[in-house]
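Q: One-letter residues, chain by chain:
Number of protein chains: 4
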Amino acid sequence: MQSRIKFGMVGGGEGAFIGEIHRMAARLDNHYELVAGAFSSEAERSRRSAKTLGISADRSYGDFQEMAEKEQSRSDGIEAVVIVTPNHLHLRIAEIFLKAGIHVICDKPLSASLEEAQSFAEFASKSDKIFALTYNYSGYPIVRHARALIAQGELGDLRTVQIEYAQDWLSEKLEDSGHKQAAWRTDPEQGGQGGLLGDIGTHAFHLSSFVSGLQPTEILADLNHFVEGRVLDDNAHILLRFSGGAKGMLWVSQVAPGNENGLRLRIYGSKAGIEWSQENPNYLKFSPLGKPSQILGRGSPELAESAAKVTRTPPGHPEGYIEGFANIYTEIAQAVYAAREGKPVPQDVLFPDLEDGIAGMFFIEAALESSRNDGRWTGIAGTGI
Amino acid sequence: MQSRIKFGMVGGGEGAFIGEIHRMAARLDNHYELVAGAFSSEAERSRRSAKTLGISADRSYGDFQEMAEKEQSRSDGIEAVVIVTPNHLHLRIAEIFLKAGIHVICDKPLSASLEEAQSFAEFASKSDKIFALTYNYSGYPIVRHARALIAQGELGDLRTVQIEYAQDWLSEKLEDSGHKQAAWRTDPEQGGQGGLLGDIGTHAFHLSSFVSGLQPTEILADLNHFVEGRVLDDNAHILLRFSGGAKGMLWVSQVAPGNENGLRLRIYGSKAGIEWSQENPNYLKFSPLGKPSQILGRGSPELAESAAKVTRTPPGHPEGYIEGFANIYTEIAQAVYAAREGKPVPQDVLFPDLEDGIAGMFFIEAALESSRNDGRWTGIAGTGI
Amino acid sequence: MQSRIKFGMVGGGEGAFIGEIHRMAARLDNHYELVAGAFSSEAERSRRSAKTLGISADRSYGDFQEMAEKEQSRSDGIEAVVIVTPNHLHLRIAEIFLKAGIHVICDKPLSASLEEAQSFAEFASKSDKIFALTYNYSGYPIVRHARALIAQGELGDLRTVQIEYAQDWLSEKLEDSGHKQAAWRTDPEQGGQGGLLGDIGTHAFHLSSFVSGLQPTEILADLNHFVEGRVLDDNAHILLRFSGGAKGMLWVSQVAPGNENGLRLRIYGSKAGIEWSQENPNYLKFSPLGKPSQILGRGSPELAESAAKVTRTPPGHPEGYIEGFANIYTEIAQAVYAAREGKPVPQDVLFPDLEDGIAGMFFIEAALESSRNDGRWTGIAGTGI
Amino acid sequence: MQSRIKFGMVGGGEGAFIGEIHRMAARLDNHYELVAGAFSSEAERSRRSAKTLGISADRSYGDFQEMAEKEQSRSDGIEAVVIVTPNHLHLRIAEIFLKAGIHVICDKPLSASLEEAQSFAEFASKSDKIFALTYNYSGYPIVRHARALIAQGELGDLRTVQIEYAQDWLSEKLEDSGHKQAAWRTDPEQGGQGGLLGDIGTHAFHLSSFVSGLQPTEILADLNHFVEGRVLDDNAHILLRFSGGAKGMLWVSQVAPGNENGLRLRIYGSKAGIEWSQENPNYLKFSPLGKPSQILGRGSPELAESAAKVTRTPPGHPEGYIEGFANIYTEIAQAVYAAREGKPVPQDVLFPDLEDGIAGMFFIEAALESSRNDGRWTGIAGTGI
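Chains as they are written, first to last, in our numbering: chain A, 1 to 385; chain B, 386 to 770; chain C, 771 to 1155; chain D, 1156 to 1540.
No lab work stands behind these hints, which were simulated from the structure alone. Please note: incorrect hints may appear among the correct ones.
[To be verified] Taking lysine-lysine pairs in the BS3-like style, the calculated list, with each CA pair at most 25 Å apart, reads:
1. K309(A) to K1426(D)
2. K309(A) to K1041(C)
3. K1426(D) to K676(B)
4. K776(C) to K436(B)
5. K99(A) to K126(A)
6. K821(C) to K776(C)
7. K271(A) to K285(A)
8. K694(B) to K1446(D)
9. K1254(D) to K1161(D)
10. K1254(D) to K1041(C)
11. K1206(D) to K309(A)
12. K1055(C) to K670(B)
13. K1446(D) to K656(B)
14. K950(C) to K694(B)
Quick caveat, the model's predicted, so the values are computed rather than measured.
Chain A with its partners taken away, still in its complex shape (with noise of 0.2 Å):
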């Protein structure tokens, strides 16, 4: 067993979502330690949060900078960090740790501008650190069953992909209430302007790409913000053209009544068709045309090995989100150990990285244009996968 990650946060104090879902993430398999951290912005808050926490107190930072100087001072200095800040802060702040040599693990979306994206690009292109984003969807095993299904052809030609990703928490307007997460990603300051497409959009880009290995070449967006008042989008009906032919629908909303979390992907080929909801995650449905539909569950002896490997119970005994996360936080932790013995990210491992991030804001940028165009087809690059 390789000796555990230590590891600190920037971002995720007293009242926030994500962080801890990272921390559990971090813990289940047991490959991460937490012990430092610049929990909020504001000192007294980060203190607590850290205290709250365990972590000692000279490893409680008010300032992701001053963090980041000492741990790099430090023998025990941390080897990774994870940023959950708001959007806008996220690559300043990995900047500073990258050049610490500390490996980053970071909140999507990449950014709230693509133009920051691609400077922090040109720079962490020369970083030998490990970038990782995380887009947790694609932790789930039954994710990783059907790109496998679809990489070996089971599929065919592939024709349609149907991707959606309705919320409706956002239906009225909370950030009027002091709602803290609706506040922020209702900002274009703090979550840019991508709006939803940021917070839940490039989450269902990633995965649709993710899952039938296509890239999109041109998209169609007509953009909403329904909520009066709302500065930013809250609803988003898109047109996708993939490189080779096939065509995408991608509906996102946070103001979809009935909807708390509804990531739906659906992808049809010449062959078969497969549909998955990751509200009952564990199972996916395989059509072979002609053929009746199968339910294929999660644990079942014929996954492929690229989702068994990531399954931890047997079937009928139901994995969840922070299952799925804590796949993606392992597969980093693959990739640091590698980096300990001076090897590249292993082969097999598929955490979202850089390259994803970029792809995700160029996503929101030809969304934004095109929706700005009265929905003219707009080029999407740099979507590599």
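Guided by the hints, dock chains B, C and D onto chain A, whose structure is given.
A: Using the frame of chain A, we list chains B, C and D on its own:
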């Protein structure tokens, strides 16, 4: 009890699917009696069908023109005709029967071209006979309830309408294998340029207007035919804009393996959302914002009057496709009964009519135009509901 | 085409539920014509019903005895009678019509007491007329397919049969509020001692034998009435043993809130399992051991011949309760057509008959006896399938 | 934050399933630290497991007796032990550790025999250490909500409880093929006479009491082993009677193809019914009589406090088996923290304890006795909840 409506049928002979559906729908509530027919353009085939159906030999016609003339001249001649031929013949036949003073029940879509539809509409507007179009999916009781919920304001201001109609039976080039249904539907001459838009897209389009009460104003389409060698489209990705500001998304496909007859409708407003799927048509998911989702059953005591009155069985005793279809037929019968007394179509019957048919043709035309223009937003007129 | 079967009806007048279901089932495939009736024991009510149904005044009877006599003496008299009265009248009426040479279609259960049923069986065995019993749930196409799968050995040796039929409509003392359906069903005089066993338990019991092909040999029952003041049972917990060693469990309830008409059947063998629910009756879950579960649809190309031939619509066009009921009627018609030519009931029709009715009465009797004996295993005879 | 609980583990080495589940559950909320273990009765195997788990060599034991002694004598010795051996060893080990002043977390069922369980209970009642039993399914948030609904009277007077726990993995004689999990579970020496009752039946039995709050008084069982050559039962059909008059039905099977881990609970009262299935554990169907059924989600704002506090993620982000298990662990930690200060187990923690374990053993014993007596109602004592 009114005396039953004697009717004849054009098309729908041996090997046809939809003809027998119409006959079952007509029989279910005992308002109709089939007494004449020109079931096929092949005389011998027509005669065989008539015999099987118990039609007397002198009312089995080889030709619809002849049928109209002879029936018009009989004292016990038919009061209505059902047209279930390929699309391009619908209106030629309808015109003849209307001229003969016979009510017309026509299968969808209205016609194979908008031009022909408009010219027919001009003629028909002067007729005092009934012209009904069997967009049958609007006949399901719980669809009626959904319409009532929205009309009563239970969903608040409508924001987005997500419609889809996906099938898989044309995933391969079935039309080359002598499959009659596939052959005429994929032939522009018989089915029209609309391809799958005419065959199933108009169903979805009508249903979304029927339930939402929204008036579509603009459409943007990306149409494709994925099966090699096919002339007409077999997949359509469409965006919609409605008057009042709501937006919509419509997916129509006949090449999506695992989808048998997947007509699904979801509508979201500021106060609640609804979801319905034709394949399990007795239930509606109703999600008031911030409250648990409810499963509304056809047959529940809370059902709207307009839904309850088209319901035949107690809760939990599923009604299906034929019952929904029969509801349209029974409502047409009520209009015929009214007509017998010189009265107009009753206010509370909701069967689709010529206006709905024209709307469907505008929809097809606008979608084709938008797609030809690489997905330009295109105005859609005449879609009164 | 054979000439339609002229039939009459006893019971099923105004306010009845099941009478209209029988009439719709009879109409759907056009094998029957309703020409006479004694729709109610109240003469005026019977006359009103007849008028509504378009029955000529001279064939509207106030009394079933009179109806049998007069119809027998007409040259155009009825060929069959449908009995939809409360249970205790079924066999008294059946006997009169059989004696008059008229085929009998009787609603379930056979009677209100085993004694009466046995004495009738003795009489009926000497009649050459058809006696059919409408355990209608055996008419669903996919139920037929399930039966075929088991008969073909696809499940291997059967091990356990889990059946349930749960409703909620008698959760309160509806019979006190003037609800006609509730009143006679909870009255031992009219419904029989069996209470819910007669009303819905026999449906479940018949279905499990029909599909499994298993012969029940012993039964153990714990019967209860939960609603205060109710005389008959409204909940039954039953264990079953079948010849050959399979075991079963049967739950019947009319006091289970949230269950509308929850008839569900699951059968497990050494090689596979199946699951079916009446409320979504077009699909069967088929789970071959060690392989993914399959969703078999009514209308799939792989359907057994016995299922395909009772299917009316393509895949994805749901058939419901009335269609299943109509399948029983159409099979009875095939037997009547055979009888016209002096031929026996065709081998391939599967409508339930007197033997099934007697089996149901034995089931009720044995369950009551077992429960009186505090749940002693009790032999169950005469349950030929 | 309290300092983490140092714990050791007996059993759960290489190839074990449940050991790693316990470790993940212990890690998730960061209340525990694994520092010692006797992971296998084979010394070499135990050592390998310890090494893999990062346990220092001097705390890797070949023998649990030795482990208890040495840990007791260390100043940094373990505060708790987790027992995940075959059933027949549970209490022998528990006794040793309790005597050593170490809290015990024991996998279910309590033991392989009632006799041993009772004698242990006598001993344990004198210990001031915690004894917790991991009936983990009671840890799901929505299960807690179901319990709260019933406790608050939302279901009215309870009438019937339908429980089932069906699996298929023992449909063939897996124990002959060297499958370790199957081997000990089907061996009366190691698993106990209860067979599947001990393995999964006690889970279902505990869950039904936990949620319903009902006290079982009598049981009637028909137990079977269907797989040829198997000594222990692999299918159980059970009826239950509860104090207060409610009745129940329990099906337990390991030979039902298509059932992966099918633990399902349905409870019906005079005012409402609930339904829950472990395989999609984040939702509860709640059906108030005469109103539409509701889908209650884990994470909804209306959740009972007792459920909300064991919830980690927002609505629609599914929590699974490990999270439910971890809730039990975290509640045990709260009891350990209380014990550190000499306080009793807090009132609001709900982890199963010795009393629940004894109840499960009485359940097994009574079921075996009833079945031996051909299904006689048999009293079931000691099942306090």
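Q: Work down the list of hints and note, for each, if the structure agrees.
A: Hint by hint, here is what the structure shows:
1. Taken as a hint, the K309(A) and K1426(D) pair is broken in the structure, with Cα atoms around 47 Å apart against an allowance of 25 Å.
2. For the hint linking K309(A) to K1041(C), the alpha-carbon distance of about 28 Å lies beyond 25 Å, and the restraint is violated.
3. Of the pairs offered as hints, the one joining K1426(D) and K676(B) holds, with about 20 Å between alpha carbons and a cut-off of 25 Å not exceeded.
4. Restraint check for K776(C) and K436(B): satisfied, since their Cα atoms lie roughly 20 Å apart, inside the 25 Å limit.
5. Between K99(A) and K126(A) the CA atoms are separated by roughly 10 Å; this keeps the pair inside 25 Å, and the hint holds.
6. Taken as a hint, the K821(C) and K776(C) pair is honoured in the structure, with Cα atoms around 17 Å apart against an allowance of 25 Å.
7. At roughly 14 Å between alpha-carbon atoms, K271(A) and K285(A) fall within 25 Å of each other, so this suggested pair holds.
8. Pair hint K694(B) plus K1446(D) holds up; C-alpha atoms about 20 Å apart against a cutoff of 25 Å.
9. For the given pair, K1254(D) sits about 18 Å from K1161(D) by alpha-carbon distance, which is consistent with the 25 Å threshold.
10. Between K1254(D) and K1041(C) the CA atoms are separated by roughly 49 Å; this puts the pair beyond 25 Å, and the hint is violated.
11. Between the alpha carbons of K1206(D) and K309(A) the distance comes to roughly 21 Å, so the proposed pair stays at or under 25 Å and holds.
12. At most 25 Å may separate the alpha-carbon atoms for a hinted pair to count; K1055(C) and K670(B) meet this at roughly 23 Å.
13. A C-alpha spacing of about 20 Å is found between K1446(D) and K656(B), which places the hinted pair at or below 25 Å, so the restraint holds.
14. For the given pair, K950(C) sits about 20 Å from K694(B) by alpha-carbon distance, which is consistent with the 25 Å threshold.
Of the numbered hints given earlier, the model fails hints 1, 2, 10; all others are met.
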